[in-house]
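Required output: the full structure, derived from the provided sequences and hints.
0 is the number of the first residue of the sequence shown in the working numbering; add one for each residue after it.
Simulated from the structure, these hints should not be mistaken for laboratory data. Some clues are possibly wrong.
[Unchecked claim] With a straight-line cut-off of 27 Å between C-alpha atoms, the simulated DSS-like cross-links for lysine-lysine are:
1) K263 with K206
2) K212 with K149
3) K138 with K206
4) K77 with K37
5) K280 with K219
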Amino acid sequence: MKIYRLKSAGMLAATVITLGLTACGGSSDASTTACTPKHSGIQTVAAGKLTVGVIDIPPFSSYNSGKPNGIDIAIVNKIAKDECLEPAYQQATYADAVQSIAGGNIDLAVGTIDATEKRLKAVDFSASTYLDGMGIVSKTGATTVADLEKMGKVGTIDGYLWVEDLKKILGDRLVTYPSSVELKADFDAGRLDADIDAYGVQVLQFKGAAGVKVALANEKPDPRVGAIAHAPEAAFPMTKGNTSLREALDAGITAQRTDGTITKLLTEAGLSEGLGKVASKQYVVPAS
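Rendered as structure tokens:
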């Protein structure tokens, strides 16, 4: 049997410190011996990790070639740190995020995902983070649906919750598009008087554009449009029935709403602080 001996006291000290590293990432400071989570017994897909699907919708979230950033990412990073969990991000889309959660592949997803009755059949939702507001872009400074009624052609994207209500108000003056790309192209070309899209997307799209105003329609609610009167609320869809994770997410989000963190993240991204005014009781979009 061979007996290996440490060659110096320095090597012995290094070994002791190495053995003292913790699951929270470790430290060269031997006095740091543990990470205490705010909530114990959190169940996740991978032990010690929080596996998150990232949908690309800047400024809320972007996978960014494996270096995720955005408002949602900042919120999740703080919660993960408080709960001694290592965030593990992977790319996701609106088409597969809910399925990935229901299939046990990820714990949650980020990217302005509205809480809806339909989605609640497959996943649970955390506390709301911010509103998924309706934006109005125009060169005339339009801020309300009443302003849109005075215009010629108005464009929006097919599938949004406000489309059917706007059709009743604007009739054939409302033109629908498959995505923001085609919508913005026609607005820029002067074929539309207004561009109606997700407010957060518009702020980034039209940043620095001269002579254009981006308004949050929800700041001046119109009872004729349900998505303005009752704005959808973004939240994190998560594994159904995972009470331990939901409690941690809810507590973390509520704390960041209360201390102003989420409002600061919104305004730093150039968005209206009005997006942070979610209802005291989460609004869940009814099934159509």
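Hints, one by one, checked against the model:
Between K263 and K206 the alpha-carbon distance is near 19 Å, which keeps this suggested pair within the 27 Å criterion. Among the hinted pairs, K212 with K149 is consistent with the structure: their alpha-carbon atoms are about 17 Å apart, no more than 27 Å. Distance restraint check for K138 and K206: the Cα-Cα separation of roughly 14 Å lies within the 27 Å cut-off, and the hinted pair is therefore satisfied. With a CA separation close to 12 Å, the supplied pair K77 and K37 stays within the 27 Å bound.
Our distance criterion of 27 Å between C-alpha atoms is met by K280 and K219, whose separation comes to about 21 Å.
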